[in-house]
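Sequence lines, in order, name chains S and W.
Heads up, this note's numbering is the position in the first sequence plus 109, with the first residue counted as 1.
Heads up, this note's numbering is the position in the second sequence plus 400, with the first residue counted as 1.
In short, the hints are calculated from the structure, not lab data.
Possibly wrong hints are sitting among the right ones.
[Said to hold, decoys possible] A partial selection of chain W residues facing chain S, derived with a Cβ cut-off under 8 Å:
| # | residue |
| --- | --- |
| 1 | Asp635 |
| 2 | Gly642 |
| 3 | Thr881 |
| 4 | Gly884 |
| 5 | Lys932 |
| 6 | Lys974 |
| 7 | Trp979 |
| 8 | Ile983 |
| 9 | Val985 |
| 10 | Ala989 |
| 11 | Met1163 |
| 12 | Tyr1164 |
Cβ coordinates follow ideal geometry from the N, Cα and C atoms, glycine included.
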Amino acid sequence: MDIVKKEDEKVLLSKEKDQKLAVKETITFVTFYLGNFLCGIPAELIMEINKDTEITPVPLADDYILGIMNLRGQIVTVMDLAKRVNLKEQIKPTINLIIKNEGEAPVSFVVERIGDILEVPFDKVEKPPEKVEGISKEYIKNVYQLPDKILLIFDVDKLL
Amino acid sequence: MVFDEDILQDFLVEAKEAITNLEEGFLELEKDKENLEVIRSLFRSMHSLKGASGFFGFKSLESIAHFSEDILSKIRDGLLKPEEDIIDMLLKAVDWIKFIVQHLETQKEEPIDDNLLEFLVSLSNFTEKLKKRIEGKEEPMQKASQEPSQETTQEPNAQEPTEEVPQEVEKVEVKEETDKEEEEKKKEEEPKAVAEKAVAERVVSEKEKKEIPQTATPHVELTETHIKVDVKLLDTLMNLAGELVLARNRVVQLAQKILDDDLSRSVQALSMITTEIQETIMKTRMQPIGMVFNKFPRIVRDLAKSLGKKVNLHLEGTETELDRSIIESIKDPLTHLVRNAIDHGIEPPELRVQMGKREEGTLYLRAYQEGGQVVIEIEDDGRGIDVEKIRKKAVEKGFLTLEEAQRARESDLLQLIFKPGFSTAEKVTQVSGRGVGMDVVKTNIEKLGGTIEINTIYGKGTTVRIKIPLTLAIIPALIVTSHGWRYAIPQVNLKELVSIDPEKDLLKVGDTEFYRLRGEIIPVLKLTEILKQGSRDGVSKDGLSKNLVILTTGERVLGLLVDEILNSEEIVVKPLGKWFKDIPVYSGATIMGDGALALILDVVGLSKYIGLSVEEVEKRHDMKGVTIKTSKEETYFLLLFDVGPDRLALPIALISRLDKVKAEELQIVGGKEVILYEEKVVPVIRLENYLPLQGLPYQDQYTVLFFTERDKTCAILCSAVVDTFETTLEVEEGLYNHPGILGHKIIDGKTVLFIDIYKVIEMYDPEWFIVKIKEEEIHVKRILLAEDSPFFRNMMKNYLSAMGFEVVCVENGREALEKLNIDPHFDLIITDIEMPEMDGFELLKELRANPQFSKLPVIVVTALAGEDIKKKVFELGANGYEVKLQRDQVLERINQLLS
């Protein structure tokens, strides 16, 4: 009796697993352009997207810090994402991507242009290639092959 | 009786707490009748309630508590079981207690209520009954069988249990039924006891009968005057208040353009209300530290008991206010420190007596505000910390090499306690846990932006001092601009504002610029240069800064040149993110009225740019290695100047003024060379007349260094000022052995002579320094001078000898002690603080611990003044604290102590 029961349980368990996998198969990314690179950050980490904000520079800070800004009473650090990842190309930062920062004030990544919102299948995400030209590899967590280009997925923890 | 409002309030708070405890406890007890812990706790609550109410003379309350306590003690001792009727009665007692407390709160005196009196009587009788129950316990069965009939006629109050039984039926298990039966049986015994009592009881029980149809006990809701609020909610409120202020400001701006009376009035009302809202919300977050401290009497009592120690706790400064979030965060660290103090600090009573201390150890928990920070001290008079043990442990565990450990000073060794993995507690006690504690304590404190330090005297006690900045600060600040961007300077650092012409008023000496402020020479920084910032609108604005803000770090004064000075405002300090932590010039940011951001400048950080505050920088960074500060590390600002081909140096602090004179302005009056300076006749000194220098060639213009003591000024002539130089005062002695020359040093490839200006002036005019005619001393006073820097050692020896003292010099604390051991006849000791092998603090401790020298006057001299150090120095038993270069004050203090 017992043995039979256990096997039934086993069968049940595996069914559950399959279901779970079935449910969680895509991650939503907000994509944006840094020069010619299409980059993405998981949508769940993004608080909002903002234009036209006044940035107060903080002299003596690192190169990639553009300064600070006032987001509804919170002091948000503004980072030039292109500089942060050592993008070889020169870009003109225009849009603020406000990122949630657990327990602390949010941070803003400034980028050039926002792309589409993409649903990326979980299992199609790959490790970054050995060499990446024109951008610093250490901040790239994964890549995803789109029909006409590659999506670079950033490791937000490393960026912050 | 009229009571102090505060004491009554405390009592009421305590009473309410006790009531809550009691209610919960009784209910718990009903479920778990054997729970001894709860019983004990209930007893304690009732007992203290009794005591407190007795103190105030609240007789009814005292009585209720007395009877209840009695019952509880019997339960606790196992003489009674907490049966239903007992618990009911006790709960009724609690209800009445509530009633009385509520009345006390509003009317400040006990209620006079018939029902209350009846209850008191019934409670008293109930207690009697219980006594009988205990006595009669040996013969329950017998009586039970004999008295079924009596029950019905004489025991109307037996109705009570029967009435209640139906209620209890729901909860009943098999056990309770039998209990109920037993109860009834027991009740039956009672009338049997004494006939009179039965009559009395009948009377009483009839009264009770009357009571039952009416409300048995008053139901009272005690109102809470305080509620708990989630801190996040307060945070949100704060932010909203800030935004409200911004919105209000915009409305005000716009309304000013529209001339409408009604609108103006409404806007003004809006404005006032907004300000009030913001201020009130700010206040909600500040809480007195007493909230945390008040938990400690209990903790200390329990802890002391469990460890077999006797501890007396003193709380001071409980009204000191802190931001709520900080109060939450320091609870744990404080608890750990208190535990440590009791566990490792205070000795067992027998040991204390043996050592000649009082049996009871004393523990102080102190809080006070000091200069923008809140200081919390945990002080005990226990056994102190064995620094030598730490020294050994440090080497054993590999934290320091043997050499480093030898040379390390006490303060450095004590800091090691905070390193993870460093625990010298031999027995890891249950109570305070492993040394995991101290490093966690430090991390937690540092998270709040605070600092922690330990001071100890072996055998006497330990003090742990925590300093936490008031982060949620609204500070008044001055708003200035640099290249169009706004910056805020905290008003606490502000001394003066001066409008200057940078071309004319600033003295450039080498790389640094100086400004003369009423005789004082102050280094000046240009904000735009420090920030290396480009202009906001692209136009270069160099040279337009005309406003000098004179700032102080408490120890040093400096000037900051800014573009514009806007206004003074109260700003809220908001912290900057981690990317800005390492930039010393900012201490935060703030949101201005119009929504724009302004960075808040940190004056101590700014002073770094002049290299003034080396010590303060060191304080900020965690000391990875153990550094020994001797004269090698203390740096001073020197003025390098040329007299002909020779180069000389003087500490800038000694120079009161710097100026240029034309050769023709020099005159000879009365045989002495003088100049007329600011309508005064100032004697001129040519150094080559007293020192082996080649001398000044004729120049059209000379630079003069003014030296002022009291009201006398003299001027030293030099060819030119070369530079200012920051360096240590390590000089080489011996080569230029001449009075007036303290030593030499090679700077930038050139030999520079360090001058003893006091000696030179004395040589020029021996009468210069003498103010009074000294009486002939039969006994020449002997001074022991401990100073490792040859520069200062020689300088001070010189001016002390000149005053007629016999001066013996040593280079550090250890040598001083050795000297004293061989030759104890000294009248005074002057000691530096920073010395190798044994610093001034340790020397002081050693001196005061030795009965032979405990009364010997000691003056501590230092290069830079500092309140912290001053306090510590006096705590350790010094008699004086002076700055080395202020010869006048040192001498005055010496005279004061020796007379």
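A quick look at each hint next to the structure:
About 10 Å separates the beta-carbon of Asp635 (chain W) from the nearest beta-carbon of chain S, more than 8 Å, and the hint is not met. At a threshold of 8 Å, the smallest CB-CB gap from Gly642 (chain W) to chain S is about 5 Å, leaving the interface hint in force. Nearest Cβ of chain S to the Cβ of Thr881 (chain W): about 12 Å, over the 8 Å cut. The hint is violated. A least Cβ separation of about 11 Å between Gly884 (chain W) and chain S goes past the 8 Å threshold, and the interface hint is therefore violated.
A hinted interface residue such as Lys932 (chain W) counts as satisfied when its beta carbon comes closer than 8 Å to some beta carbon of chain S; here the least separation is about 6 Å, so the hint holds. Residue-level restraint check for Lys974 (chain W) holds (minimum Cβ-Cβ distance to chain S is 5 Å; threshold 8 Å). With 8 Å as the threshold, the beta carbon of Trp979 (chain W) comes within range of chain S, its nearest partner Cβ sitting at about 6 Å, so the hint holds. Taking 8 Å as the C-beta cut-off, the interface hint given for Ile983 (chain W) holds, the closest approach to chain S being about 5 Å.
Given hint, Val985 (chain W) at the interface with chain S, holds; its Cβ is 7 Å from that chain's nearest Cβ, closer than 8 Å. At its closest, the beta carbon of Ala989 (chain W) sits 5 Å from a beta carbon of chain S; the interface hint therefore holds under the 8 Å criterion. With its C-beta approaching chain S no nearer than about 49 Å, Met1163 (chain W) sits outside the 8 Å limit, and its interface hint is violated. The beta carbon of Tyr1164 (chain W) is not positioned within 8 Å of any beta carbon in chain S (closest approach about 48 Å), and the interface hint is therefore violated.
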